[in-house]
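Undergrad: The lines below spell out each chain.
There are 2 protein chains.
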Amino acid sequence: MKIKPPRGFLFSVTGAEIKYRGRNDMALIVSEKDATVSGVFTTNRVKAAPVLLDKERLRYNKTARAIIVNSGNANACTGKKGIEDARVICSEVARALSIREKDVLISSTGVIGTPLPMERVMPAIEELARKMGTNTLEDVANAIMTTDTFPKAVYREIRLGKITGTITAVAKGAGMIAPNMATMLCFILTDLSVEHRALKEALKTVVERTFNLLTVDGDMSTNDTVMIMANGLASNRAITLNSRNYRIFSKAVFEVCDSLSRMIARDGEGATKLVIIKVKGAHSYRDARVAALKVANSLLVKTALYGNDANWGRIIAAIGATGIRFSEQDIRVSINGITVAKRGRTTHNDHLASEAMKKDEILVEIDLGAGRFSERVYTCDLTEKYITINAEYRT
Amino acid sequence: MKIKPPRGFLFSVTGAEIKYRGRNDMALIVSEKDATVSGVFTTNRVKAAPVLLDKERLRYNKTARAIIVNSGNANACTGKKGIEDARVICSEVARALSIREKDVLISSTGVIGTPLPMERVMPAIEELARKMGTNTLEDVANAIMTTDTFPKAVYREIRLGKITGTITAVAKGAGMIAPNMATMLCFILTDLSVEHRALKEALKTVVERTFNLLTVDGDMSTNDTVMIMANGLASNRAITLNSRNYRIFSKAVFEVCDSLSRMIARDGEGATKLVIIKVKGAHSYRDARVAALKVANSLLVKTALYGNDANWGRIIAAIGATGIRFSEQDIRVSINGITVAKRGRTTHNDHLASEAMKKDEILVEIDLGAGRFSERVYTCDLTEKYITINAEYRT
Numbered sequence: 000m001k002i003k004p005p006r007g008f009l010f011s012v013t014g015a016e017i018k019y020r021g022r023n024d025m026a027l028i029v030s031e032k033d034a035t036v037s038g039v040f041t042t043n044r045v046k047a048a049p050v051l052l053d054k055e056r057l058r059y060n061k062t063a064r065a066i067i068v069n070s071g072n073a074n075a076c077t078g079k080k081g082i083e084d085a086r087v088i089c090s091e092v093a094r095a096l097s098i099r100e101k102d103v104l105i106s107s108t109g110v111i112g113t114p115l116p117m118e119r120v121m122p123a124i125e126e127l128a129r130k131m132g133t134n135t136l137e138d139v140a141n142a143i144m145t146t147d148t149f150p151k152a153v154y155r156e157i158r159l160g161k162i163t164g165t166i167t168a169v170a171k172g173a174g175m176i177a178p179n180m181a182t183m184l185c186f187i188l189t190d191l192s193v194e195h196r197a198l199k200e201a202l203k204t205v206v207e208r209t210f211n212l213l214t215v216d217g218d219m220s221t222n223d224t225v226m227i228m229a230n231g232l233a234s235n236r237a238i239t240l241n242s243r244n245y246r247i248f249s250k251a252v253f254e255v256c257d258s259l260s261r262m263i264a265r266d267g268e269g270a271t272k273l274v275i276i277k278v279k280g281a282h283s284y285r286d287a288r289v290a291a292l293k294v295a296n297s298l299l300v301k302t303a304l305y306g307n308d309a310n311w312g313r314i315i316a317a318i319g320a321t322g323i324r325f326s327e328q329d330i331r332v333s334i335n336g337i338t339v340a341k342r343g344r345t346t347h348n349d350h351l352a353s354e355a356m357k358k359d360e361i362l363v364e365i366d367l368g369a370g371r372f373s374e375r376v377y378t379c380d381l382t383e384k385y386i387t388i389n390a391e392y393r394t
Numbered sequence: 000m001k002i003k004p005p006r007g008f009l010f011s012v013t014g015a016e017i018k019y020r021g022r023n024d025m026a027l028i029v030s031e032k033d034a035t036v037s038g039v040f041t042t043n044r045v046k047a048a049p050v051l052l053d054k055e056r057l058r059y060n061k062t063a064r065a066i067i068v069n070s071g072n073a074n075a076c077t078g079k080k081g082i083e084d085a086r087v088i089c090s091e092v093a094r095a096l097s098i099r100e101k102d103v104l105i106s107s108t109g110v111i112g113t114p115l116p117m118e119r120v121m122p123a124i125e126e127l128a129r130k131m132g133t134n135t136l137e138d139v140a141n142a143i144m145t146t147d148t149f150p151k152a153v154y155r156e157i158r159l160g161k162i163t164g165t166i167t168a169v170a171k172g173a174g175m176i177a178p179n180m181a182t183m184l185c186f187i188l189t190d191l192s193v194e195h196r197a198l199k200e201a202l203k204t205v206v207e208r209t210f211n212l213l214t215v216d217g218d219m220s221t222n223d224t225v226m227i228m229a230n231g232l233a234s235n236r237a238i239t240l241n242s243r244n245y246r247i248f249s250k251a252v253f254e255v256c257d258s259l260s261r262m263i264a265r266d267g268e269g270a271t272k273l274v275i276i277k278v279k280g281a282h283s284y285r286d287a288r289v290a291a292l293k294v295a296n297s298l299l300v301k302t303a304l305y306g307n308d309a310n311w312g313r314i315i316a317a318i319g320a321t322g323i324r325f326s327e328q329d330i331r332v333s334i335n336g337i338t339v340a341k342r343g344r345t346t347h348n349d350h351l352a353s354e355a356m357k358k359d360e361i362l363v364e365i366d367l368g369a370g371r372f373s374e375r376v377y378t379c380d381l382t383e384k385y386i387t388i389n390a391e392y393r394t
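Chains as they are written, first to last, in numbering that gives the first Met the number 0: chain P, 0 to 394; chain L, 0 to 394.
Hints should not be assumed to be uniformly reliable.
One copy or two, either will do: identical chains are not told apart, so a pair holds if it fits within one copy or between any two.
[Stated by the list, open to error] Taking lysine-lysine pairs in the DSS-like style, the calculated list, with each CA pair at most 25 Å apart, reads:
#, residue 1, residue 2
1, K79, K341
2, K199, K357
3, K384, K358
4, K101, K32
5, K384, K357
6, K384, K130
7, K250, K279
8, K341, K80
9, K250, K203
10, K384, K18
11, K277, K32
12, K250, K341
13, K161, K3
14, K357, K79
15, K79, K203
Simulated from the structure, these hints should not be mistaken for lab results. Note that this is a predicted model, so its numbers are computed, not measured.
For reference, chain P alone in the conformation it holds in the complex:
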């Protein structure tokens, strides 16, 4: 799919050999005019330097002009030097683009605990500024990859009256990625005009229902970042909170983030299958969410799915371990449409289900029979390759 960029955003990428050779590992996203901005970041107590810097900037600023991104090094657990490096990079971007330093945001992803090779990063910024506008969003999606096996970008167009707006996003994979790598990053760009409060609320709500319901290995990164920029070049009347247009807009943002979540799950390290866990009949929304995430994070469930084993006992045991409200005898489990457990007991369909599981997408549906709440989580199977990728010594 060709990715349509929103109006007024320019891109450039380059290779700074931060960790990888022979590929691009730095990207610059620039809005032609001030864009309203909001961000959601990792809740890990250990936050990477770029996350700390962005959070500080977004506390005081509602607009921004540029996002500078690198892969190969997370600039996490790097102390004061890490913060200083992030500041220096933003400052250099501002100088090269002739914009204010506070209008530059920064994201990093890669190795933890190693300082950025500033001697290679700094000259690359000059190059990125010079090339501005000569690359595409697909190039950006490629440059920010670490162990991702494919670039991730998606867009939606929405009509608000006579005006068409575009919401486009790029992301890189979740799952704390390869040897010492961290981070999922996502940048959402739109040419719509959106009031800051509305932008912030839409992002927060959508992230909670998409990226926060996505798990590869249950390990939370120090760098997770989702940022949205709205530059208003579509010339619509600014979208305000709780308006009809807000609902249309936030639905589109949801769809974009939902698509990216699926892609990230499918591209989980070593994964062979995209897995969708749907829990319904929960006593509360929280119960549904807790149950779905617990099943998605169970090593035994994930390995069984990899082996096409319709092992509902592991699913029920995982839910039982959470302490949420349900009775074993009310539970129903189906996998790719085949009911494998009913009233907490086998339906003797395991072999049928095993056949139905020989696909690269698996839908696990669990009805707890304890209420009316539901939730859905994306994840992937767990394979020998995940172990191999993550056991390799950092080189």
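Got chain P sorted already, so can you dock chain L onto it with the hints?
TA: Leaving out everything else, chain L in the frame of chain P:
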């Protein structure tokens, strides 16, 4: 090590082909006289039939005579039929031994969701009763194994005045074990006389500090059971709560359970290394425990340990994800004696530590620098073999 059984306990084992062929999969433990008994069971909301039955019996009885155990089938998620089967087995054991049915306890471990093959189990009980006393505790340790690669038994002798008592225990592995298997089981037998309240308190306290600080894959089983029987044949004055002898006794029970915990961690599915996570300098005891368990359960930490990668960034990130109190710049991490991070930053010793990790035992020490509390957790590394074992279809 030759395992010394306590006085007055008899053992027998047999093969009932419940799942495995050509090996023993049923065991019977009998005390010659009424033994004071206590048990600690899984807190999983989904409890196997034998767990439900034992819990019911131990609510009303403070003594027991026999424990009947099978491997190969967990009798979990088997509904009313499962409970009925467990009752019938206990009843048959009582009949064959001429004891009261309520004095028989039962444990099962193995496949979830499949009813027990009663047609093979029932004749085996007759055999077990006939052979009573002809087998050893090592035979029991072997018969209760599932994917364990070695039997687990240990004993301690303690002197109380002129009297010597023996505390002996057998266990089978934790980690929700192989294709659809569940459960860690542990039976502690002693010839000491211990008042029921003291026995219960000692068991509860020890389990909390040993088996509850042991993790292989973070999946909680439906069958976890630890039971202790004290038959008093050592003829000591009954040990009472909070007495001096209680402290000696509970220390010995701790040592026995601690040894078994180490063995179970070392024998985690596919594991190549026993891993000991020590957290100190925590703001509270709960913080120390939460941090140690989180690190022990992190897939990224476990795969790094497997790869001899002194990846302290993953350790710090895992702790950061818990939300406990600490500052990144106060943290210190050492692995097998090599300090790899100090004040939250690299000491550039990663390669040295990597060399020191080429052993089958790894000690990770984390000083949070946030207080004076500490805790220790046993776990193992995570390897491709864990995946292979658990992805195989149940056959």
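Undergrad: None of the hints should be skipped; say for each whether it holds.
TA: These are the hints, each one checked on the structure:
no.	hint	result
1	K79 - K341	between (56 Å within a copy, 14 Å between copies)
2	K199 - K357	neither (41 Å within a copy, 49 Å between copies)
3	K384 - K358	both (18 Å within a copy, 23 Å between copies)
4	K101 - K32	within (14 Å within a copy, 80 Å between copies)
5	K384 - K357	both (18 Å within a copy, 22 Å between copies)
6	K384 - K130	neither (38 Å within a copy, 48 Å between copies)
7	K250 - K279	within (22 Å within a copy, 47 Å between copies)
8	K341 - K80	between (57 Å within a copy, 15 Å between copies)
9	K250 - K203	within (13 Å within a copy, 52 Å between copies)
10	K384 - K18	within (21 Å within a copy, 30 Å between copies)
11	K277 - K32	neither (42 Å within a copy, 53 Å between copies)
12	K250 - K341	neither (35 Å within a copy, 46 Å between copies)
13	K161 - K3	within (19 Å within a copy, 87 Å between copies)
14	K357 - K79	neither (50 Å within a copy, 33 Å between copies)
15	K79 - K203	neither (29 Å within a copy, 46 Å between copies)
Figure legend: structure checked against the earlier numbered hints; hints not met, in rising order: 2, 6, 11, 12, 14 and 15.
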